[in-house]
Every structure is written in C-alpha cells, then in structure tokens.
Amino acid sequence: MINKTVKDVTTACKGVKDGMTFMLGGFGLSGIPENAIAQLVKLNVKQVTCISNNAGVDDFGLGLLLQKHQIKKMISSYVGENAEFERQMLSGELDVELIPQGTLAQRCLAAQSGVPAFYTPAGYGTEVGEGKESREFNGKMHLLEHAFNADFAFVKAWKGDTAGNLIFKGTARNFNPNMCGAATITVAEVEELVPAGELDPNQIHIPGIFVQRIFQGEKYEKRIEQRTVRKK
Amino acid sequence: MALSKEQIAQRIAKEVKDGYYVNLGIGIPTLVANFVRDDIEVEFQSENGILGMGPFPFEGEEDADLINAGKQTITAMKGASFFDSAKSFSMIRGQHVDLTILGAMEVAQNGDIANWKIPGKMVKGMGGAMDLVASAENIIVAMMHTNRAGESKILKQCSLPLTGVNCVKKVVTNLAVLEIEDGKFRLLERAPGVSVEEIDAATEGNLIIDGDIPEMTF
Chain A
1 MINKTVKDVT TACKGVKDGM TFMLGGFGLS GIPENAIAQL VKLNVKQVTC
51 ISNNAGVDDF GLGLLLQKHQ IKKMISSYVG ENAEFERQML SGELDVELIP
101 QGTLAQRCLA AQSGVPAFYT PAGYGTEVGE GKESREFNGK MHLLEHAFNA
151 DFAFVKAWKG DTAGNLIFKG TARNFNPNMC GAATITVAEV EELVPAGELD
201 PNQIHIPGIF VQRIFQGEKY EKRIEQRTVR KK
Chain B
1 MALSKEQIAQ RIAKEVKDGY YVNLGIGIPT LVANFVRDDI EVEFQSENGI
51 LGMGPFPFEG EEDADLINAG KQTITAMKGA SFFDSAKSFS MIRGQHVDLT
101 ILGAMEVAQN GDIANWKIPG KMVKGMGGAM DLVASAENII VAMMHTNRAG
151 ESKILKQCSL PLTGVNCVKK VVTNLAVLEI EDGKFRLLER APGVSVEEID
201 AATEGNLIID GDIPEMTF
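For the record, the sequence lines run as chains A and B.
Sequence positions in the first sequence follow full-length UniProt numbering and run 1 to 232.
Sequence positions in the second sequence follow full-length UniProt numbering and run 1 to 218.
Be aware that one or more of the hints could be misleading.
As the list claims (entries may be wrong) - Using C-beta positions, here's what the derived DEER-type ranges look like: (1) A/Gln226 / B/Phe218: 25 to 33 Å; (2) A/Glu218 / B/Glu151: 52 to 60 Å; (3) A/Phe60 / B/Glu61: 19 to 27 Å; (4) A/Lys231 / B/Glu137: 35 to 43 Å; (5) A/Asp18 / B/Glu61: 42 to 50 Å; (6) B/Met122 / A/Val229: 23 to 31 Å; (7) B/Gly19 / A/Lys222: 30 to 38 Å.
If you are wondering where the hints come from, they were derived from the structure by calculation, not from laboratory data.
Since the structure is predicted, the reported quantities are computational estimates derived from the model, not experimental observations.
Even for Gly, the Cβ is constructed at its ideal location relative to N, Cα and C.
Assemble the whole structure, with the sequences as input and the hints as a guide.
Structure below.
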C-alpha cells in the first residue's frame, strides 16, 4: 500500500506559507484538527484565509490564530462564540464571508469531486445572493455557488491507517470528510494510527486517495463547548 | 395570558406527527422535543450530523464527539446514525426532513423570515438556517409576537436582513397561532385568555380574522 504516514505535525505542515488558504474541519470545537492548529500558531503563518464552519472560542481552536492576528479572512457559517472574532470583524481588521452551512459543505464537496460550481436555493433573495448568478429550476430560484480553492485541508479523524484511510466518530465527523481531497494537500491527524490492513474496508468513511499526509495526533484536549446534562 | 417559551414549544409539539423526521433550531424549538407525545415515533435531525438525537447525557457521560447544532452535549437514540455535513444538507435540501422548527426575529406576511443578523449589532452568521428555510416544505416559526419594546415582529415587510423569502407557512407566538395565506396572516388560534383585539394590536402585518377564533389547547 502507498504509505501516507508522516512522523509528526511538523512534517505534516511542511509547505505551509503566508497568504495561503486553509480548510479546517470541525463543528464548534468538535472534531477540530487540534495538532495542526497548534502547529499553525507555532509557525506563525500570516495573512491566511480559513474556511471553517466556526472560528473556535477565544482561547481554543481557530481562536488561537485570531489572537495572534494570523487570519486575514474567515469563511464560515456561524461565528457566534468568539468575542475577539467579533471585535476584529467590527473593527475591520478581519475580513469575514458568512455563507449558509449547507453551501459551505457542498462547496467543499464540489472541490473534492471536481465539480466547479452548482446551484442551490439557499440564500436566494438574501444578501448572500447579491452579485451571484441565479436561475430558476422547477419553479424555484437558485444561486450559482462555486467549489472552494484551497492550498491545505486540515482534518481530524478518530482512526486512520498508514494508507490514509479514515474513520470518524460521532458528530466529530461533520465537515472533515467533505474537506478531504478538497485542497491541494490534505493533512489528516488521527487519535489512533494503525498499519494498513487493520481497519475493516467496509467501515472506512474516507478512502486514502483523498489524503496526502497522515499522522498520529497527540494530547487531544477535546474541549466541550456547551456541557449539558440531565440528572440520573 | 401570553404563553411562556415552554408553552409555545408545547403547542408546536402538537404539529409533530408520527413518522416525522424533524429538525429543531436553537432556542424555543429545542424545547419542542420535551413535549412530543411518547406514543408516536419521531426522529430528530441535528444538522451537524446526527439523525436520532436523544436527550442530554447523564452527568459524567458527556462526550466531546457527540453534540448537537447548538454545540450542546447530547446522546444518540437506538437506531441513530451519524453522517457528514454534506450528507446532512442533502437530507435538508433534498426535502427528506418532514418538519423544520426555527426561531425568528421577524416574519413578514409574504412568508419572508429574518433571523440571522442585526446590522452593526449582532453578526453571528446564519448557520444552517438559510439552507433550511430555502428547502423545507413545512416550516413552523417559534417566536415572541413583539420585541422587548413592545413593537410587533409580525410584519408587513421585514426590516432586518432576510434569511429566506416566501418560505414560512405557520407561526406560533406567545399570543397566537398564525398561518400565512395569500400574503396575509390568518389568525387560527389565540393563547388562553388573550383577546383577538390584543393580537390585532400586536400585529403590524395584515391579519385575517374570520369568525370565532378558538383558544389554543395543549
């Protein structure tokens, strides 16, 4: 099998430069590529564009890059949990493009699948549709949306093998599979890396062809954003 | 008496039918799950990637890999499934979800809805709301009839940036159940003890009042 393993996050992030566009998996803080984010902070790459559903919280996730003013532009669907984000956006330091969540997912999928553009009804008649081509299908108006164009996709899976095959867990799956193969280089970090052959091919969510580099992540914090419980 | 948020949720729960797949938005809609009859089979979809969402976990059993679209820790029911975000919105855009319940800041009599942005004040993003309202056949809006200043949120025309156009069919507020019909709000039910006149006064949009308007039952 083709071996996609790299020894650590440093090697995995090789080639990352100022001004690049990154995709980052995760929904809220669930399923975010914690190791890659920490490395991007360490490398101090500047003026980057981040495509990610959310922007983390003030002191975790993409919030760490925001603190250091590394992000020039965010493309997200919901950014409500981050005060520093709001401050940078309102002061004009940060460029923000808010797009519907389903459109965000489909633009990733389109990039992964070689579909340059597609029509969706989401956002028609709203400010999201301003300046976009629209067309009627079956009596309903739709907007033309384009595939993303990114340099790196950073995703996080539960298990992976040396061939780059990935299995996700629970709702930590979210945008991660859609971003695999949607950028020039896809970097997957996993909680458990096993030799090729150990994962059941029937259970694989993302085949290794969509992944260029895979590494065993470490020290996952897996922070919970809204801890809600019921009494026994 | 105007309804509490729980009572709005309780009234909406009556609209949830056996065999429905239902997407619940954040806020009052989330409470609807607590009031659905337990003799019917309903599956809740959360757009971050679960069908068959269950109640909050018991203390100590929270899992960072198992949350809902509000980022709250949840559980999965027996028979639940997980999927990626694109698949989730295939369910939504493909109209496989039977009922969508969401909150709003404003609703207009042509079915327009605004719930994602107050220019210069609140810019959090639309999340999945634009996909949901653009695609769902069956949308119920849960909201307060007026804002804190007492001004109507049931309008001729929305003043805030829109989430979707001509999409809302039914609105349940703390005062009334309304249906959108030919560019007007038809008053279907009133909250117990709330008069038609009070509802009319709290409604800026055109209101159709036909015959005796029954009180809501729960």
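Does the Cβ pair A/Gln226, B/Phe218 satisfy 25 to 33 Å? Taking Cβ atoms as reference, A/Gln226 and B/Phe218 lie about 29 Å apart, which means the hint holds.
Is the gap between the beta carbons of B/Met122 and A/Val229 within 23 to 31 Å? holds (28 Å)
Tell me if the beta carbons of A/Glu218 and B/Glu151 are separated by a distance inside 52 to 60 Å. holds (54 Å)
Look at the Cβ atoms of A/Asp18 and B/Glu61 and judge whether their distance stays inside 42 to 50 Å. holds (44 Å)
Starting from the range 30 to 38 Å, see whether the pair B/Gly19 and A/Lys222 falls in it by beta-carbon distance. With Cβ atoms ~36 Å apart, the hint holds.
Between A/Lys231 and B/Glu137, does the beta-carbon spacing fit 35 to 43 Å? With a Cβ separation near 38 Å, A/Lys231 and B/Glu137 satisfy 35 to 43 Å, so the hint holds.
Verify the CB-CB distance for A/Phe60 and B/Glu61 against the hinted window 19 to 27 Å. holds (22 Å)
Of the hints listed earlier, there is not a single one the structure fails to meet.
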